[in-house]
Amino acid sequence: MAVNQQIPLLMELGSPGRRAYYLPKLDIPSKPVDEIIPKNLIREEPASLPELSELEAVRHYTGLSRRNHGVDVGFYPLGSCTMKYNPKINEDLASLPGLAEIHPYQPEETVQGALQLMYELEQDLCEIAGLDRATLSPAAGAHGELTGLMLIKAYHEAGGEGHRDEIIVPDAAHGTNPASAAMCGYKIVEVPSDERGGVSVEHLRQVVGPNTAGLMLTNPNTLGLFDENILTITELVHDAGGLNYYDGANANAILGKCRAGDMGFDVVHFNLHKTFSTPHGGGGPGSGPIAVRDILVPFLPTPTVEKDSEDCFVLQHNRSKSIGKVKGFYGNFLVLVRAYGYMRTMGPKGLKRASEDAVLSANYIMERLKDVYNLPYDRVCMHEFVLSAVMQKKHGVTAQDIAKRLLDYNIHAPTVYFPMIVEEALMIEPTETETKAELDAFIEVMRNIAAEVLESPEKLQQAPYHTVIGRLDETQAARRPIVRWQAAETEE
Amino acid sequence: MGHPYLSLTDEERLQMLSDVGVGSVDELFVDIPSEILLKNDLEMPEGLSESELWAHGRMLAERNMSLDSNPSFLGAGVYQHLIPSAVKHVANRSEFVTAYTPYQAEISQGVLQAIFEYQTLICQLTGMDVANASLYDGATGLAEAALMAVATTRGKRVVTFESLHPDYLAVLATYLRAVDTELVVLPAKDGLADIESLKPFLNEETAAVMVQQPNFFGLLEPVDALGDLLKESPSLFVASVNPISLGILQAPSAYGADIVVGEGQPLGNPLAFGGPSFGFMAVLDKYIRRMPGRIVGQTADKNGNRGFVLTLQTREQHIRRHRATSNICTNAAHSALIGAVYLAVLGKQGLTEVATQCAQKAHYTAEQISAIPGWELVFSGSFFHEFVVKAPICAIEVERALLKEGIVGGLPLSKVYDDKKWENTMLFCVTEARTAREIEHLLQVLREVK
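Residue numbers (our numbering), protein chains in the order written: chain Z, 570 to 1061; chain X, 1431 to 1880.
Hints listed in this document are in silico derivations from the structure and should not be mistaken for laboratory results.
Small disclaimer: the values here were computed from a predicted structure and weren't measured.
Hints are supplied without guarantee of correctness; some may be wrong.
[Said to hold, decoys possible] Some chain Z residues close to chain X (C-beta under 10 Å, calculated; not the full set): (1) MET652; (2) PRO656; (3) LEU665; (4) LEU668; (5) GLN681; (6) LEU715; (7) ASN798; (8) CYS950; (9) LYS973; (10) LEU1023.
[To be verified] Keeping only pairs whose Cα atoms sit at most 16 Å apart, straight-line, the calculated EDC-like set for lysine to aspartate or glutamate is: (11) LYS1834/X - GLU678/Z; (12) LYS1518/X - GLU660/Z; (13) LYS1518/X - ASP661/Z; (14) LYS921/Z - GLU1476/X; (15) LYS600/Z - GLU1457/X; (16) LYS1469/X - GLU1457/X; (17) LYS1820/X - GLU1835/X; (18) LYS921/Z - GLU1457/X; (19) LYS1005/Z - ASP1449/X; (20) LYS657/Z - GLU1482/X; (21) LYS876/Z - GLU691/Z; (22) LYS876/Z - GLU678/Z; (23) LYS657/Z - GLU1480/X; (24) LYS918/Z - ASP1456/X; (25) LYS756/Z - ASP1610/X; (26) LYS1732/X - GLU623/Z; (27) LYS962/Z - GLU1043/Z; (28) LYS1732/X - GLU1027/Z; (29) LYS1586/X - ASP1559/X; (30) LYS1005/Z - GLU1442/X; (31) LYS1619/X - GLU1662/X; (32) LYS1518/X - GLU623/Z; (33) LYS1845/X - GLU1021/Z; (34) LYS962/Z - GLU1027/Z; (35) LYS1005/Z - GLU1592/X; (36) LYS921/Z - ASP1471/X.
Positions of the beta carbon are idealized from the N, C-alpha and C atoms, including for glycine.
Take the sequences, apply the hints, and build the full model.
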């Protein structure tokens, strides 16, 4: 089947009675079902699941996979998402039966390898963060944020400062920051950016105070800029009695170069599915461990992994001041396995070199595009940078149009319209795993598109042309939501 | 020296530095205050080659007892089922694995269509109107449902029962404490939700009543009665269900659930020491705009071709920021994809058969165990594929005796409950993956424990 041919939905395939899988015959004496399950609880009709052959199912999903872009398919400079290469050996590790087929309620003496891995990973993350302990429980970055804020809240309450109900968030912050703060019952105080793209220290001075619970910050921030005033900022918050939360979404810029703890942060989350190379799976599962300063350690969620006197690893479930559990069991273990494999492979020198190359690659692209696209903050960037399509917009071409045109070249678009403080934003993050040739090809395509804007803007407004489907109407999708297949619609 | 996964050569680095107009890479880090710039390498083990890493990984794996080669009777939220080989082969295609959230729909039709199909499958299983693209897991899914109910009804209290999974209860408590919402845990009587005790709480103060079906003890809750009771109530009825059980059990829509959540791991996902897996959520149409998480919707391109996009994004954090329905961003798309492929391969008859075999094998095993002198079933109610038995000795001793014979589990309930009364009790799970021989081996060991 050609890639650009539409693929029927799973529900439109198959025939009644067809099967792909048979169980072994029931090898114990059985009873009529209604003797073991009360009649009123038995399903009257089986769920109308597909009825396919194995080949039919395999072809269906293989067909779908061919209609999808991934890091293994082509360049993926999606800003703030760190779409680096996902090493294959780590997939192999995660499928070892000794790691993949263990149950969370097995006796601890039968999972010592798993606990050792978690213990060592925690140590590595603490070293990278420059902090004291970590929890591996959070399932994603936003989940780490929520957990970290709960710790901050517990800390203030324990210190008799429970009235502190404000979280300060810069206007350039990821949307998850204010959303997480709200889920933790906090009021959000927004602080603007200054003309250099950093937090406005002047404004921060005005908003910190006796009600400040904490500040959430990404550094480098979402403009890809390292905040030069970072030490002043974190000190201001500390002086007011608040704590500092580091959103580690952009940690790929600073591995082995500097540490959040040294910057004055008290709690940090890492996105293992960004910085530590675990695949993003089309939207997860990820993992968002958080590392904390000693003052927050008593409040960490349960369980923690500890090493006892006989060098055995144990899960510590009873911690009197803990905020409790934030996730079922112990976190996304197989994601931890992959990140552990990555760290063991890279070592301290490799991690540092990864950040250096990521930063070099971003600066290289930025330098070679800033004459044809507006660069709102013209200074050395870190692992990513933000261009603005304001010049192109004068010709009727938006950041969205440019993004769609890139798809025609087997390149995933940058993050668009974010951060919100930049008009027509295009946020570009190449990562360290691309070759120079790939970076050069991207630069050339971006320059060609800039030229195309001047020659035939209307062409861009209709892009993409070479994808499996044309530009999709998102407005229609939201106005009249069709969010599942329904039999009636196809029976014509 | 070189490092794997880095693609620049030294020569290219020099060329690029010169194109950027700096003399060394350090000049790119000038914005970092010098007092915090690290002078030394991080203190971590030096990098390993691929073969060294593999050997190290295998060493760690060998220090675990894999349930791939040892029969297990553990359940309690994570279940071992037979997984058709095709499932991991297609789900692990790297175009799916190495993609981000499908922000650019035109080159992400594979993931988007797969999620749209997943949403449909979850609706078909649960009988509900709409499903989201997944949540982290069953426990956080239940907590999200609670927050959603609070936002929808403006009630200030969430009610559940002691028969809920203790981890789910713990996560729920953590989430609700953060927003100062009261959590009331009502008693279980003979292992089942005590409906009488619920009556005083049926008023507008209660945002949701949450029940697990089958419950933590494997028992089937009186969901019909609960549904009847909640029909006229302002509180939302939230059911946390095991998706495999829906091969044989009534769909939650039939007993009046408003929100259905659950742990997706039993659908084709490995045990994985408890994660990653996925949480599913399905609701009635009228709650769609209150739902957390991604939702994929159908639309068309300019030529009228059917296509799929992320939709109703104004609910979400990247648009609505602190007014979003949830902070969730990355969810568990790939685990959910595995779940969808599993359902596609198992199919209509396959899922019914899996559920039926689970129930048959569990009931057979329960009957056999309770026939051993000194052993008895703790609860009298009907169950699906898990049951609690009382041993003549401490359950930890039983666990040890089984382990000596290479058998893992059941779960001594003293591991999750402090109360002394649980000391001799064990929660057993028997799925279709257990053979008659393995069950017989279990019985043999149990007959001999003293």
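key: Those earlier numbered hints the structure runs against, lowest number first   = The structure breaks hints 10, 15, 17, 26, 27, 29, 31, 33 and 35; every other hint is satisfied.
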